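A.B. asks: We have chain A; now place chain B with the ligand onto it with these hints.
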Amino acid sequence: MSAELGKALQAGLYPNPVLSYEAEQIGVDGPSGTSTPGEFQGGVVEQRFVTGGKLRLSREKYLRRARVSENLAMAQQFRVCNDVRIHFYKTLAASDILSIRREMVKTAEDSAVTAQESYNVGQSNRPQVRRANVVLQRARLDVLAAENAYNQAFRTLSTLVGVPLCMGMVEGALESTCPVMSFEEAYGRLLAESPQLAAARAKLAVDQATVARENVQWVPDIVVRGGAGYNFEAEETTAVAGVAFDVPLFDRNQGTVRQAQADYARQRQEIERVELELRNRLAMIYQQYLTGMQHAQEYAEVILPELKAAYRELLESYKERRVDWPDVLMAQHDYFDARLTQVDNLLHARTQEVLIYGYLLHDGLMAAPDITPPGHIDSVPKPR
Amino acid sequence: MSQHESKPNSSERRRFLKTSALAAGGALYGGLVGTNAAAQVHANKMTDMQHGDKLPAPLGNPKSGRPAGYRDDYDGFSRFKPSRGNDPNSEFYLGKLVPGFRDVGAGPAPFVTPDLEKLPWKMVGGVKEFHLVPMAVEREVLPGYKLNVYGYNGSMPGPTIEVNQGDRIRIVVTNELPEDTSAHWHGFELPIQYDGASELTQNLIKPGKSFVYEFDIHEEGTFFYHSHIPMQEAFGSVGFMIVHPQKVFDPPVDRDLGLIFQNFFIEPSQSIADSWRMDWNWQTINGRSGPYTTPLVVKHGERVRIRIMNFSPMQHHPIHIHGHTFWITGHEGARIPHSAWVPRNTELVGIAQATDFEFIANNPGDWMFHCHMVHHMMNHMTRQVGPRVRPDQSVDAYLANLDQSPGVKLLNPDPGFKTPGYPQEMKGMEMKPDFMKRIWNRREVQGMRAMWPMSVMGLMTVLRVLPDDLYQIVMESDQPVEKGAVFAEIVRRFGNPSDYKSAPMMMHDMS
Ligand SMILES: [Cu+2]
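Chains A and B, in that order, are what the protein sequence lines are. Each residue of the first sequence is one higher than the one before, counting from 0 in numbering that gives the first Met the number 0. Each residue of the second sequence is one higher than the one before, counting from 0 in numbering that gives the first Met the number 0.
Next comes chain A alone, as it looks inside the complex:
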C-alpha cells in the first residue's frame, strides 16, 4: 500500500527543469581570425510542460492502486486471523480427543481385566483374553497418536501466531455461539464485504484510470528551452530559445491504449469471475458447514444424551444384577466413541464457520497476491 502511495506521489511530480551549459562550434574563427572557444557559450534552461493532465491522471491511477492494496492487505489479514482461529480450534479439538482417548484406554483396561475374570470362571478362553489384550494395546497406541497430534497442533498454532508458545493447554469451547447463516445470507455478505471482491472492484477503477491515462499519453508535451550566452564570433551576448514537441504522426500510443482497454475489459470480467469463484467455494464450504452443524446439533441433543442414558441405565442394571459387565463396558465405549465423533463434528462446523464469517480466506503463510495479474501493463520505469 505504501509502495502504491509512493508511486502515486512520484507519478504526480512535475518534471524538473533541465539546466545545461552549451558550447557550440568550438574552434570557429572569430573576427580577429583567431579561433574562438566557440560560436556560443552559455547556459540554457529547458522545461518540459506536461500536457493533457498526464500527471494528475497518473497520480489518480496510483492512488486508486493504493486502494486496491488496502483491500488486499485486509484480505491477507483475514487469511492470517482465520488461520490462527482454525488452528486454535484444531488444537482445542486435539486436546479434547487426547483426553477422551485416555478414557477409552481405561475402558480397554477394564475389558482386559474383565476377560481375566471371565477366564477364571470358565466363561472366556485363552484367545478371548489375548484379544482383549490386543484391544488394550491398540487403545494405548491411539493415545500415543492423539498425543502426537496434539503436539503437532500446538506447534502449528505457535507458528501461525508467530510467537513461540510453551506447550500447555488451550482453553475455550468448540461449540459455536454464532447464529447459523443461510446460504443466501452468507453469499450476500460475501458480495457486500469480501475484501477480495472489494480489491477486484478497486482494481477496475485503476484500470479505468489507466485507460484515461494512456489516452492522453500521445498529447505531446511541450519542451521549451531558452538561455543566454556569449557569441564569440559576433562578440556579443546572445540568447537561445527553442520549443519542441512530438508530432504524433505514427505513435499515438495506440498499442498501449489498446492494452489498457483490454485490461479494463478483463477486469470487468475478473470481478464476475471473483464473484463466481467465491460462490463456488462458498457452496462447498457451506455444505460442509451445514453438515457439520447438523451433526454437531444432533449429537448434542439426541445421540450423546441417548448413549449416555443407555450407559447409565446399564450401570444401574448392573448394580441390580440385571446385566453382565461386558454389556456395560460396551455402552461406555459407545458413549466415549460418540464423544470423539462429536469433537470431529464440532471442529468441522467451527472450521467452516470461521471461513464463512471470515470471507473464505485462509493460508495466511502464503505470500499476499500482487495487485495486478501476471502480464498486466505495469512496465514503465517512471510510474505513469
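Any given hint could turn out to be false.
To be verified - Lysine to aspartate or glutamate pairs mimicking DMTMM-like chemistry, simulated, CA-CA at most 20 angstroms apart:
(1) B:127 x B:218
(2) B:145 x A:312
(3) A:105 x A:146
(4) B:431 x B:139
(5) B:145 x B:114
(6) B:408 x A:108
(7) A:105 x B:402
(8) B:431 x A:315
(9) A:307 x B:395
(10) A:318 x B:402
(11) A:105 x B:395
(12) B:145 x A:315
(13) A:53 x A:250
(14) B:127 x B:213
(15) B:53 x B:498
(16) A:318 x B:266
(17) A:307 x B:402
(18) B:408 x A:102
(19) A:318 x B:433
(20) A:105 x A:326
Unchecked claim - Listed next, with one range per pair, are the computed distances between beta-carbon atoms:
(21) B:75 x A:127: 55 to 61 angstroms
(22) B:417 x A:160: 52 to 58 angstroms
(23) B:313 x A:137: 38 to 44 angstroms
(24) B:425 x A:170: 45 to 51 angstroms
Unchecked claim - With the Cβ distance kept under 10 angstroms, some of the chain B side facing chain A (calculated, not the full set):
(25) 266
(26) 280
(27) 378
(28) 380
(29) 383
(30) 385
(31) 388
(32) 389
(33) 394
(34) 397
(35) 407
(36) 410
(37) 411
(38) 419
(39) 420
(40) 431
Treat the hints as calculated values from the structure; they're not laboratory data. What you are looking at is a predicted structure, and each value in this text was computed from that prediction instead of being measured. For every residue, glycine included, the Cβ atom is placed at its ideal position computed from N, Cα and C.
C.D. replies: Chain B with the ligand in isolation, oriented as in the chain A frame:
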C-alpha cells in the same frame, strides 16, 4: 381357619384374636409384649440388635405349643417330630393317612392362594355365575419391579375360580384385551362347544365382546383355566380352577394351598415380558418372585396340602421341599388312589401339569421350598465379572461421573482369583432399603433370620412350620417381632441353642 390369614392387610380376624388374647391377660405372648411402652422399647432395641452368639430373649409360650386332645403317635409316626413310622406298608408310614386337626365333617379346608384373589360368583337360576375378564395387567413381581403381562380381572395369574363337584357353572368371559382371545377349561370333560380351543370349537372372542361358557362339573381336584392363544399363555394368561369333592378327600387337611409357578423373559431396564424367548430370566410364584413370594405359614402338626401348578412356557420345575417328605396325592387329572401315592422330597412338575403334595408339618422351622433348577433359584442370572468382584470398586464410582471412568487395576487384586473357578458364590448382592422394607413389611416373614431374603430368590418361597403360640404371634397379632426371634425360639425348643449364631443385621432401616 380362613383364607384371610395369609393376607397381611385383611386384619379383622387378627385384630379380634389379638384383642381377645390381650383381654385374657396378655400373658400369652410371654416376654414379647405387654404394654405399648414395652413394645416401643422393644422396637427400639430391634433396630440395633446384636446378639452376638447369644439367642434373643425367649418368645411366646412353649406350653401353649401343642393343641390338646389330638393323637400324636401313628404306628411310630409322630405328627410333632420328624419320623417315618415303623412300617413302609403301614397306612400311616411317613404320615401318609395321618389326618389333620380338622374334622372331616367340617368340609374341605379353605383353598388359599397367597398373593392372589378369588373370583366372586353369584347364583343365577341355580347356576354359579362368574365374570372373567382377560386384560393387560401390570404385576409387581418384586418391590419396584413391575411387569407388563396379560392376566384376568386385574391380576396375573388370574383370580382363582373355586367350585364344588356337581355345580353347574356359567363363566361370562368379556375380552378387554386389544386382540382376540378364548378361554380353555383345562382338564374338564365338558361339552365340546365350551372347550375354548379357539377356532376348532368356537369363534374367537373379539375385543370388547363376551362369550358365555356354561357346563356341569362332575370332576374334582386341581384344574386351571387359560387362554388358548399360545403367546397369551406365555404372557401370563392363566388361573387356578379348584373343584372341591363332594366326599371330602380323606384324610382331611388343615391347609390347602395353591401355587402357580411361571417364568418370563424380561430384558434389563424393561418391564414388558418377551413371550418369544426360549430362555427365561424371571421366575414367579403366584405372580411374585422370591423373596417377595409370601411364605406358607402353617402350624406344627398340621396336615398340609400344597397344589403346585407349572405354567411356565418352556421349563419344567423339579420342586423340592426341605425338612419334610411329602406324598404325591394327585395330579391335575385326578386324585390318586391311596395305593398309588408316592413319597418324595423333589417332584418334577412339567409344563401344564399340576401336582398335589401332602404331608404332616412335623418339623418346625423356616424351610426352603423351591424349584431345584439352579438357574431358577434367582432372577436374571448375570456373570460374576466387573466392579462387583473387585476389591475397593463399586458401580457408584462409575455412576458418579459418566464422562470419566474411575479406572481399574490391571489385575484383579482379589487373592481368590488364584483359585480357578472363583467366584461361584454370588458377589455383591445389593438390596435397597425401600425394597427390604417392603419385604419385611409382611406378617408372614416376622421373626425370620435377618439375612433370609439373600437366599430366597426366583422360584423360591418358604414353608414356615410354627408352634401354635409362635403362629399366633406372627399371624394373628400386630406386634413387632425381632428379626430372628421366632427362628431362635424354634432353635431353643427343637434344636441345639448352644450351637446357634444369630444372623448379622443387614441394615438398620430395613425393618
Ligand atoms: Cu425350575
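A.B. asks: Honestly, which of those hints from before does the structure not fit?
C.D. replies: none
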